[in-house]
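*Asks:* So the chains spell out like this:
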Amino acid sequence: MAERERQRLELIEFLRTIQRPDYPLDGIDEESSLVESGLIDSLALLQIVTYLEQSYHIDFNERGIDPEDLRSVNSILELIARDSAS
Amino acid sequence: MFADLKCGTLAELESGRSWSSQEVAVRVASRADAMRSHGLGRGDRLFILYGNKLEFFVDLVAAWHAGAGVVPVDNRLTPFEVENLARTVTPKIALVDATVPSGLGDALAAMGVKVLSSAEPTETIPAVLAHSLGCAARLDDEALILFTSGTTGVPKGVVHTHRSLRARWFSLRQSLGIECFQRTLCLLPTHFGHGLICNSLFPWLFGQDLVIASPFSPYLLLRLGPIIDEHNITFMSSVPSMWGLSLKGSKPPLGKSLRRIHCGSAPLSAHQWRQIREWSGIRAVYNAYGITETASWVAGTSRENFEPEDGLVGEPWGAAIKILKSPERQAPFADANECKVSETGYVWINTPALMQGYFGQPELTDQVISGGWFVTGDIGLVDDRGRFYLKGRERDEINKGGAKVYPTDVDAVVERFEHAIAVCTFAIADPAYGQNVGMAVVLSRHDDATLRQLHAWLKEHLAEFKIPQRWYVVDELPLNSRGKVSRNTVQELCALLKPVDLVRLLRRVS
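Those protein sequences? They're chains U and F, same order as listed.
So in the numbering used here the end of the first sequence lands on 86, straight run, no missing numbers.
So in the numbering used here the end of the second sequence lands on 510, straight run, no missing numbers.
Don't take every hint at face value.
What the hints assert, rightly or not - Simulated restraints on C-beta separations:
1) U:Glu53 to F:Ser486: 30 to 40 Å
2) U:Ser86 to F:Tyr219: 20 to 30 Å
3) U:Leu77 to F:Val341: 49 to 59 Å
4) F:Ile421 to U:Arg4: 22 to 32 Å
5) F:Gly39 to U:Leu77: 55 to 65 Å
Claimed, not checked - Which stretches of chain U does chain F cover? Using the computed rule of at least three CB atoms under 8 Å from a CB of chain F, they are:
6) 16–25
7) 73–86
As the list claims (entries may be wrong) - Some, not all, of what chain U presents toward chain F, calculated at C-beta under 8 Å:
8) Ala2
9) Ser32
10) Val35
11) Leu43
12) Ala44
13) Leu45
14) Leu46
15) Gln47
16) Val49
17) Thr50
Hints listed in this document are in silico derivations from the structure and should not be mistaken for laboratory results.
Built from N, CA and C at the ideal position, the CB exists for glycine as well.
Bound conformation, chain F alone:
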């Protein structure tokens, strides 16, 4: 890697495997050499379909050494979705392992992508040479492409260069220091920004120890306190839904290793915030705000002497935040367009860690970036003490326990079902996840067989976590006062209707 960053140690929680910095360096060199021998070079793209394991981090850095951009892929996606991503970014190589469903590798191979196993033997580069091997990547080359929405339609890939990632990491180091991150636990998936860029790569590439675990494992969450003690964890980050399980069922940590906790990716209530503080025994618990486009954490609190409040985030980390009256990019920065102190408006962010753009979509990129300022799709305010509060989201997404499901992705699949006339996907309240996926659909046929066909269609085209949990079959979709289908209006209507009994419907064919 560049001389300014140094990989720390890696450890896996469940398996107990660990690699020292020295071993990591040797393995990175060996894997980079292997990737080059398979033709990977500067400007190419590599899919990694596994995550949350030692090999993932080594292969990520190895690919950077080879000069390639990396696309971490959620292996819960269907072959249909992965093919769509591959058609967009045309990876040269895809890495798989035993945890990746074979259908994904097969789908990519059929498209001409070279599919390699993470277990493929590589020639070991002697340690003395490992540190001196050059890195082909340049600062403004693609480093990561993280897909957010559009897996079923036009994929929206957030492109981060080595420059924007470094800007995020160095600004976090400047704002937060590095001491608290000495031994970091990651329980979040490594295919999305929060878990990868900030929870894992930030501390690890500054030489700190990273302990990686399976994401969202209830067995780990219910033992979180003892795990923190056993592994002397100093820092962890998580999402509110995971805390729901740990606060309920895990004994708190008894040791004194914990120094800092972040919680993000979904709204953190003041009540739960206080519960986390009480459970952990530390006051340094922060609501970290970030978006994939800003390379994750871009604001939070840096002081311990505050009281949790609903919506409180805090101060920018390596960024400037403006609250404007308009989300439109035309002349957004006229004085008249800026909200007053404590006035709610649209959140715009300026940060050197801003993405390069959306992959292959310059017009879409231009819609959200104006003069270096990025419109987040969030609603917020800044109070008279300069503290940023998040008040809501206008982004069209369903936040399922921190994982984002985009209604347009679900709609796009249903619309292609032969008996679908109209569809509207919307958020429903969920006691475990916060939100889940609901759907109102107009069909040309309402019989059970058609509904089962629709379910099979959804399973073929959508990752399971995106499939609507509650269905409403309606005769028509209600229109709002402007004659358009509004997800909120549909949601309100469906709240009065009886959903399809999916368990009964699908029982016969199971």
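Isolated chain U (complex conformation):
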């Protein structure tokens, strides 16, 4: 659980660098869609992909990108967990 919490905090810190500045990240539900909530714009998903590649060495060229995996904070954390378990 501690590992997941660390990953969550680091992800939140990263999202802060790419978010729309006037959207309250603190108030975003971890199940809420990052794009539909307005926190990030659609092309910022590419930056999330780069973050996951660099931080967790996830190989998206191999697995492709399922947009549902990047949908919310929780789905991203679950992707990280699944990838490290495989």
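On the provided structure of chain U, position chain F as indicated by the hints.
*Replies:* Just chain F now, kept in the frame of chain U:
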């Protein structure tokens, strides 16, 4: 429409709705009749505030049948910006739908523009009559007015007549053929030239199938390969930033439907070009060069046996290209002013698809057109094989993933903020978009409350995609060696400074 053009089928990717050519013809006739009943006629102008849907194309052609010019409006603009556009072109009617923020319709209604819903019931014209109804438009009437810059100041509207649009379409047909465009996918916005004139109207008005989708949708871009297969797409056009997402995350197409791909509106690197070829499985991937003023695509490559190179465009399509030493219109065509082969200079274009001019701005039009030649603001060269290369841009614009943001538009808004003393907007590098918007501002007060006020001011007056992402509060703007504020000089200075932490600043009030 004129007898020489015939609408093809229309389909929407996400909803699955589709209309046959016959249904389109009936709907066009019905909508044209409805528009006329609301007083729309020859010489009038119509705003359409929605796009990328079946109704948009039907309403566009219906308006032409009624004789009106159409202004496709980006509905991300603020009411302030839309009011500015409306004051300039005085539309008689504005069409809205459920996707259009109500503030835009309200702003137009308050100005006396008749605001109608796209869902308004219309009387259905019998199919047998639909094809025989006349078209009020004439060849040299305004067909489209596409606004580029100036939404916050003096709007710059590029006027295309039916003649200039036809010149573009017929020259593309002559240069590229039509077979590859049999089933065309459009993922680009229909309020700007690339997505509308060339990606959509060119194939569709020659009777080909058009599949239209929401622009810049990451969920579509990440499924691009399967979408191409499911819908038997033969052609698509896009911008480099969209390809960034698809190349990274979409499985490639497995079927063999794809015949041609264009990429434009922003520089395409040789590396990404090769990646698109590899991903798509076809060599017919082209860097299509065009500008709103030339009705979009005006050059590209027509042959498959070439290797991608940075800056390579290719041959003119329905145009002549000259590289001159000067961007000035006075006597530009003296021999001494023409660049040698492979010498870099200013790109001038002569094409029958050239705009009629900038709406209501004859002096501005005269500054860019000389003897039928249009100075593009681009830098390029033509090599010894006659191939055109784009080397840079001198136009004062920020290319944010294909969408153009004009620094002067942002400056104009900030200058009107009560505590602003000076401002300079400039391009910053962006990993997703290529470029984004930065701003250096001199304020009479530097406190957080003032900065929050400035942000609110920007949100009220500028579409979100234009709002600067990085702010630098400075004591004065640096001047270049000629004593003027140079965006490049300001950009270089700001690269050494710490920007305002906008997230922290705005967190308290969210």
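*Asks:* Take the hints in turn and mark each one as holding or not.
*Replies:* Structure-based check of each hint:
In this structure, Glu53 of chain U and Ser486 of chain F meet the distance hint of 30 to 40 Å, their C-beta atoms being roughly 37 Å apart. Look at Ser86 of chain U against Tyr219 of chain F: about 24 Å separates their beta carbons, and that is inside 20 to 30 Å. About 58 Å separates the C-beta atoms of Leu77 of chain U and Val341 of chain F, a value consistent with the hinted range of 49 to 59 Å. Under the hint 22 to 32 Å, the C-beta atoms of Ile421 of chain F and Arg4 of chain U, about 49 Å apart, miss the expected range.
Range check, Gly39 of chain F to Leu77 of chain U: about 57 Å between beta-carbon atoms, so the 55 to 65 Å window is met. Counting residues of the stretch 16–25 of chain U whose CB lies closer than 8 Å to any CB of chain F gives 8, so the stated coverage by that chain holds, three being the minimum. Only residues whose beta carbon comes within less than 8 Å of a beta carbon in chain F count, and the stretch 73–86 of chain U has 0; fewer than three means the coverage is violated. Here the hint on Ala2 of chain U is broken, as its CB sits about 26 Å from the closest CB of chain F, past 8 Å.
Because the beta carbon of Ser32 of chain U sits about 15 Å from the nearest beta carbon in chain F, more than 8 Å, this interface hint is broken. About 7 Å separates the beta-carbon of Val35 of chain U from the nearest beta-carbon of chain F, less than 8 Å, and the hint is met. Annotation: Leu43 of chain U was flagged as interfacial toward chain F, and the flag holds, the nearest CB pair being 4 Å apart, inside 8 Å. Restraint check, Ala44 of chain U versus chain F: the minimum CB separation of about 6 Å is within 8 Å; hint holds.
Checking Leu45 of chain U against chain F by beta carbon gives a least distance of about 5 Å; that is within 8 Å, so the hint holds. Using the Cβ-Cβ criterion of 8 Å, the hint placing Leu46 of chain U at the interface with chain F is satisfied: the shortest such distance is roughly 5 Å. About 5 Å separates the beta-carbon of Gln47 of chain U from the nearest beta-carbon of chain F, less than 8 Å, and the hint is met. Checking Val49 of chain U against chain F: minimum C-beta separation of about 6 Å stays under 8 Å; hint holds.
A cut of 8 Å between beta carbons decides the hint on Thr50 of chain U: the least distance to chain F is about 7 Å, and the hint holds.
Of the hints listed earlier, those the structure fails to meet are numbers 4, 7, 8, 9, in rising order.
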